[in-house]
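Going down the list, the protein sequences come from chains X and Y.
Count the first sequence with this note's numbering and you get residues 102 to 433, in order.
Count the second sequence with this note's numbering and you get residues 102 to 433, in order.
These are calculated hints, taken from the structure and not from any lab test.
Among the clues, some could well be false.
The list treats identical chains as interchangeable, and a pair is accepted whether it falls inside one copy or across any two copies.
[What the hints assert, rightly or not] Below are the EDC-like pairs computed for lysine to aspartate or glutamate, each with C-alpha atoms no more than 20 Å apart in a straight line:
(1) K269 - E191
(2) K269 - E187
(3) K269 - E185
(4) K269 - D189
Note that the coordinates shown come from a computational prediction; the quantities given were computed from them, not determined experimentally.
In case you want the letters, here they are:
Number of protein chains: 2
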Amino acid sequence: MKLLITGGAGFLGARLARTLLARGQLNGRKVNTLVLADLFPPPADLMADARVQARTGALLDQCAALGTEGFDGVFHLASAVSAECELDFELGLRSNLDTTRALLDALRAHRGTTVPRFVFASSVAVFGSDPALPLPAVVQDDTLPTPQSSYGVHKFICEQLVADYTRKGFIDGRTARLMTVSVRPGRPNGAASGFLSGIIREPLAGLDAVCPVAPETRIALASPARTIEGLIAVFEASREDFGGRTALNLPALTVSVQQMLDALAAVAGPEAVARVRFEPDAGVARMVGGWPARFESARRERLGLRPDTDFKSIVLQYVQDNPAAVTIPLRV
Amino acid sequence: MKLLITGGAGFLGARLARTLLARGQLNGRKVNTLVLADLFPPPADLMADARVQARTGALLDQCAALGTEGFDGVFHLASAVSAECELDFELGLRSNLDTTRALLDALRAHRGTTVPRFVFASSVAVFGSDPALPLPAVVQDDTLPTPQSSYGVHKFICEQLVADYTRKGFIDGRTARLMTVSVRPGRPNGAASGFLSGIIREPLAGLDAVCPVAPETRIALASPARTIEGLIAVFEASREDFGGRTALNLPALTVSVQQMLDALAAVAGPEAVARVRFEPDAGVARMVGGWPARFESARRERLGLRPDTDFKSIVLQYVQDNPAAVTIPLRV
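Use the sequences and the hints to build the structure in full.
Dropping the structure here:
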């Protein structure tokens, strides 16, 4: 089968690509071609695989051509991130709304006898705390999103498009709402939630980090591995098991920032935690603090998806996956 | 003040225009200019009023120019209707999604010191019955819409845009979800719900009518007068009274088709009801039957909005408003 990953050179896209190449199959069908579309070329290890092709450039400009390629499956991960969209309203509209629409329209325009399976990566950021209509303490499958950021609004809008293009039979679309992914490797990426990786990643590299929210702030997290597992499970699910066309909240581990730092201490000692400085940022606290921390979902349980067990295991996953980025002595 | 009504030559738009002209003021400010934008020119009685101006043509082509006019308030009613959008996917995208986006972007591009108040007419059609995620028996302020028609999807998407352009301060937007409006005068308009006016209007004109759903089908209705009252109340509400940026469900009278026909019998006798022939249409029954019939809303109660008291009074409102269209003898 021929697959497309948009945002395929980014952290999650590249990890998904590596996972698919290692499996060799998806939903029982051999992966022959994996196209990675992104602003930047994919990492060298991916380009070294004969099955991988790159489509480098702005996705909006590439959609029409991608539509003609006859993909069997698409993972649509490409997105401008939350803080970027708050700073540049038009960038957000273009990158997150217009691009998804163009991709869907291109697939619709060139649809043949097979309907491509299409996984859209939405986000926990569709939820926001509207003071006039507060979120319930625990988010359920049918909780109404009231996004309080342009990023969340665009994700929620694209969920609706994916559902309608699916209803019409143009794609076989499924939306998975990703939790905040932590620990992300590399450099901060302009997401409002970026610090939730930074406060672990930077101390492990012997660097200082800033935490813009209070230690008691609770967050719904998933490790990179669990996130990729969720995307693949949503792709492979039967329509019946997936359950309707409404977005699915992927599993979340609920932790406080303090619990994250406690896990860091358990892995790397109190000196590592001492690298984290609290500097409140009202804008970030409003956005990230407005995302819900607790979820219940009969649908994701039906798919057999489970949250990470604890944050310490997530820190250890990061250490194992990124040995070169960990420069301080560990206690484990 | 200078006001714009999109869809201003349609039934609801023209009725809203007449109401505003008769009041002479909106939110305590004198109505100096009322611009009616529509595909068709406004009715002659409206054009005879010196305060009225027409902008005739496709709204999508007019948005950029409208943005420069400096409106104090906008009622955005223009829309392709539900059955049209199901038949022609691209028409629906263009008329309902692209046009609203273009109008919002034009207002944003030319925003000055005053932020225009913007009432968006959404619809009960945002709700649909997803078998995998059934609607609750009574729809609340925070019930998750799972639209099952392109029309409903586009309305729900535009709700999100209106909320975000409001959050960013580009407009002072409020969304009112209209219930099925009955009794509409004139000719059928291609809405899936059109028969809910036709089964009353046609018999009163001595004509036969077809009802495509079962008599026990329950519907959430509002009279034209109550619908206009709701739109004006939403425009005039303080932001605090309106309560957040989430769409407000306007008041609904819950009636069955049988109760509608009983009211027709009370007004015009059993001969009128005998004009109505039941011819089930699975597509219409699925769409209209999927819309919820019962609503509770603390928000609309706070705004002092009440549903019509009973359907007989709605039939009498139609008779009073459209004397020339009633050609059979009445019992009242």
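The hints, checked one at a time:
{"no.": "1", "hint": "K269 - E191", "in the structure": "between (29 Å within a copy, 12 Å between copies)"}
{"no.": "2", "hint": "K269 - E187", "in the structure": "between (32 Å within a copy, 9 Å between copies)"}
{"no.": "3", "hint": "K269 - E185", "in the structure": "between (33 Å within a copy, 14 Å between copies)"}
{"no.": "4", "hint": "K269 - D189", "in the structure": "between (33 Å within a copy, 11 Å between copies)"}
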